[in-house]
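A.B. asks: With chain B held as given, fit chains D, P and Y onto it using these hints.
So the protein lines, in turn, are chains B, D, P and Y.
Residues in the first sequence are numbered from 1 upward in steps of one, following the numbering used here.
Residues in the second sequence are numbered from 1 upward in steps of one, following the numbering used here.
Residues in the third sequence are numbered from 1 upward in steps of one, following the numbering used here.
Residues in the fourth sequence are numbered from 1 upward in steps of one, following the numbering used here.
Simulated from the structure, these hints should not be mistaken for lab results.
Be a bit skeptical, because a hint or two may be false.
Cross-link-like lysine to aspartate or glutamate pairs, in silico, DMTMM-like; alpha carbons within 25 angstroms at most [to be verified]:
hint	chain 1	residue 1	chain 2	residue 2
1	P	184	D	17
2	D	147	Y	81
3	B	202	B	173
Partial pick of chain B residues on the chain P-facing surface, computed with a CB cut under 7 angstroms [to be verified]:
hint	residue
4	48
5	58
6	63
7	66
8	72
9	92
10	125
11	129
12	164
Note that the Cβ used here is the ideal one computed from N, Cα and C, for glycine as well.
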Amino acid sequence: MLSKEQIARRIAREIKDGQYINLGIGIPTLVANYIPDHLQVVLQSENGLLGIGPYPQSSDINPDLVNAGKETISMVKGSSLFDSADAFAMIRGGHIDMAILGALEVSENGDISNWKITSGLIKGVGGALDLVASDAKLLVAMLHCHKDGSSKLLKQCKFPVTGVRCVHKIFTDLGVFSILPEGGFKLLERAPGVDPDEIRNKTEGRLVIKGEIPEMTGFQ
Amino acid sequence: MLSKEQIARRIAREIKDGQYINLGIGIPTLVANYIPDHLQVVLQSENGLLGIGPYPQSSDINPDLVNAGKETISMVKGSSLFDSADAFAMIRGGHIDMAILGALEVSENGDISNWKITSGLIKGVGGALDLVASDAKLLVAMLHCHKDGSSKLLKQCKFPVTGVRCVHKIFTDLGVFSILPEGGFKLLERAPGVDPDEIRNKTEGRLVIKGEIPEMTGFQ
Amino acid sequence: MINKEVRDAEDAIRDITDGSVLLLGGFGLCGIPEAGIQALVRKNLKGLTCISNNAGVDDFGVGLLLKKRMIKKLIASYVGENKEFEDQYRAGELELELIPQGTLAERIRAGGAGIPAFFTPAGIGSELAEGKEIREFDGRLYLLERWIKADFALVKAWKGDTAGNLIYKGTARNFNPLMAAAGKITIAEVEQLVPAGELDPNQIHTPGIYVQRIFQGAGYEKRIENITVSP
Amino acid sequence: MINKEVRDAEDAIRDITDGSVLLLGGFGLCGIPEAGIQALVRKNLKGLTCISNNAGVDDFGVGLLLKKRMIKKLIASYVGENKEFEDQYRAGELELELIPQGTLAERIRAGGAGIPAFFTPAGIGSELAEGKEIREFDGRLYLLERWIKADFALVKAWKGDTAGNLIYKGTARNFNPLMAAAGKITIAEVEQLVPAGELDPNQIHTPGIYVQRIFQGAGYEKRIENITVSP
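Bound-form chain B, shown alone:
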C-alpha cells in the first residue's frame, strides 16, 4: 500500500518533458516535489500564475503570491502572472496539457466527483469543472477507499458529478487504473505488497484484470 507521498511519486512518472500542468489540492500538490529535474515542465495555478515554485523560505513569504489552495508560494524563473479570466482561458482553450486532481469518487465510465461537500452541502465548485471539461489529460489521485472502508471506484458516482467521461487514469494507494472505452477500471499496476484480490474486494465498479499485473517498482 502506498502512502500519499508515494502516490505522488508514482504520478510524477507520468509527466513528460514540455508539459504545462495544473495540480489540484491535496495529493496532487505533493506531485511537484517529485518531478525529475531533467524535465522542463511548468505548473499552473488557476488563480493566475504559470511557473509555481517551491514554498518560500519563511523570510520570503509574500501575501500577494498564493496558489489555488491559498498557500504562500514562490515563482520559478520565466514565470508569468495574469488574471482569472486569462487563467481559465488557458485551461478551457486546451493549452494545459495535464491536470492532476483529487476526487471523492470516480465511476467506471470515467465520471468524477470532486466537489468539496460538508454534511450534504456543496461548499464549492472551484476550478475543477473547467479542468475536467478541458482537453487536459486528467489524472486522478486519491485513496482507494473512504474512511469507512467503502470504495471510491464505483459503478456510478453517488456524489454530484463534476465531469463525465473525462478521467484518463487513477492513482490510488492500491494501484494504477485506466478507464476502458467500454467502461470499467483496468488494473495496470499493483502497489507493492498488494494482491489483485484485495483490489477486487475494494473496488465496487467493474474491475478488469488481464494477465499478470506488474508490481510497482522503486518504492522499496
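C.D. replies: Using the frame of chain B, we list chains D, P and Y on its own:
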C-alpha cells in the same frame, strides 16, 4: 458654409467634461484640435490606446505608436495601451461615451453607411460596426453632399448599411441636425450665410424645420 | 486625463445602498478590497448581493459582511472556509449561487466586454447544467452562459494613478481586472496612488476608463490564509 | 521552464505548408511579423488562408504574400491600401471574408480561450448579419459568432524570453496577443530575446504557454504607413 475645420470646431462644442471619445478618420480626427483645454476628456484609438496626444514632433516619430488611421501619434500623460480585443471590449461594453464618425450617407431614421467602398467593392468594414452598435452617443461629421451634388442625407441609405437607427446628430457644412424619433432630419442650426431653403434643396430625406433656426455663432 | 481621485473609502462608497449588487475582487483573502469592505461594514447596509470568488473567513474579507448579515445573496465559486456562511445558509437566511470558477471569471469578463452570452464546456453533465441551454459545436457539447454586471465593483490594486489606471501585483490580480470592467461604478483602492503620467502606459493592467473612483488605502493587513514554507 | 528558442525564421516556419491556415499579427504595418513574412515569401507556398486585420501594402507586410499569389483566402477587417489585392479579387483569384474589427478580435480571442461561440451586437442590420443567428437578450439584438483558430500564428513582440513570454510595445501590441493564443503552433519573433527569468512576471503580456517557437529577428524596417507630425 463651413470648412471641414469649422465642422470639426462645431462638433468640439458637443464634448462634455469627463468623456471618453472615439474619433473616426477624416473630419472627426480634426476635432481633437478644438477640444477646449479646460475639459478633461480622453481619446481612444481602437487599435489599442487610451489617451491620444497630438501628432509627434518629427524627432519623436515612433513606428510602434500609430492611431487607427495608421498615422504616427503621441500619448498624453495617464495613457494606457492594450490589445485589440480589449480595445473593442471597451467599445462593445459601453465604456466609450461618444463616437464621432465620418459617413457616406445617413438616412432619416438614423441608419449610417460609412464603409470604405471603391468602385463598388467594399474595401473594409474596420471598427465602425462595433462603434455604431455600442452605447456610445454617435455623432456624424460629413459634407452635406457628394461631389456630384447629390445629398448624403437620404430617405434610405443606398450604400450598404453599417448600423441602423444609431445616429444621434449630424454635422455638415450646411448645418446641424438631429434624428427625430418618428424619422426625419430636424434642423437645429444653420451654418453662417446658409438659409433653410438651400438646406431643403440639398436634403433628400424628410427635413423638419420648426420656427426660427439659429445661425451658428463663433465662425466670423 | 480625467481625475478620478476621491478622498477615502467612505467617500468612494457613498452611494452604495441597501440592496445594491456588488462585485468584490480577490481570491480567498489575496487582493481583496480591504478598505472598501471595512467602509461597507461601518455603513451597515442590508440586502446586498455580493459576487465574489470566495466568502472570506469568519473575521476577514467578505466574511465581515456575512457576520453583520448584510448579504442577501452570494454568488461565488467556493465558500469553504466560512462557518458564518454555513449557519446562515442552513437557516435559510442567505441565498447562494455557486458558479464554476472559470465560468464566473468569463461571465464577468463578458459583462465588461459587452458580450451578453457565450458557450462554455464547463458544467456539461453536472447538476449545474440543469435548466441551461446546451448546444453542440464541432461534435462537443457546450452550455450557454450569460454576462454578469453589477451596480458597483470594489477592486484592489497595487499602484494606481489619478486617471484610474491600475497595476496589480503577483496573484493579487485574480478577479480584480475583470470586475473593474463589469461595474457600473468601479471603486479602486490602491496601496500607492500617483499622479497621472507616472505609470508606464505599456504596463497598465486596468485602463482608467473602467475606474470611476480611486483612493489610496492605508494599513493593509493582507492576511494570509495558509502560510506554507519550505523546510 | 520550457525552452522555446529556435534558430531563425526559416527554422520557425519549417512545417508551414501549402494550404496552411495562418494568423498574422499587426495592425496596418504596425507590429507585423516581418521576419516570418519574409521567410514565407522565400518558401513560396501556395493556397494559404491568411487571417490578418489588414492586407499590408503592395510591397510590404501581407502585401508581399499577395504579390507572390500565395494567398487563396484572406480574412480581414480592412484591405484598403492594396492594389494587388483588388486586382486578384476582381479576377476571382482570391477569396475575401470581411469581418468587423471588434468581432474579428473577439473571435480570435474566443479561439484561444476555448469559447466556441458568443453573441455580439456588431453587424445587426447590416449585410454582414445575413445567414447568421440573431437572438434577443434584455431587449437588444445580437449576432452569434464563432471562434477563429489557425494551424499557425505568426506574432511579433518587442521583448521575449526563452520560455516564450512576450512583452509588446506601444500600439504594436494590437492583434498579436490574441493571435498568439489562437494558433495551434505559435511562432513569436522579437526584437530582443533574453534568458527566462529576466522579464518581470508581472509585466508579461503573452504568457509563454501560448508560444511554441521564439526567435530574435534582425533588421526590422518597421515601415510607417502615414507619417504625421505636429507643425
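A.B. asks: State for each hint whether it applies.
C.D. replies: We went through each hint and held it up to the structure:
| no. | hint | verdict |
| --- | --- | --- |
| 1 | P:184 x D:17 | holds (18 angstroms) |
| 2 | D:147 x Y:81 | holds (22 angstroms) |
| 3 | B:202 x B:173 | holds (11 angstroms) |
| 4 | 48 | holds (5 angstroms) |
| 5 | 58 | holds (5 angstroms) |
| 6 | 63 | holds (4 angstroms) |
| 7 | 66 | holds (5 angstroms) |
| 8 | 72 | holds (5 angstroms) |
| 9 | 92 | holds (6 angstroms) |
| 10 | 125 | holds (5 angstroms) |
| 11 | 129 | holds (4 angstroms) |
| 12 | 164 | holds (3 angstroms) |
Hint compliance for this structure: every hint is met.
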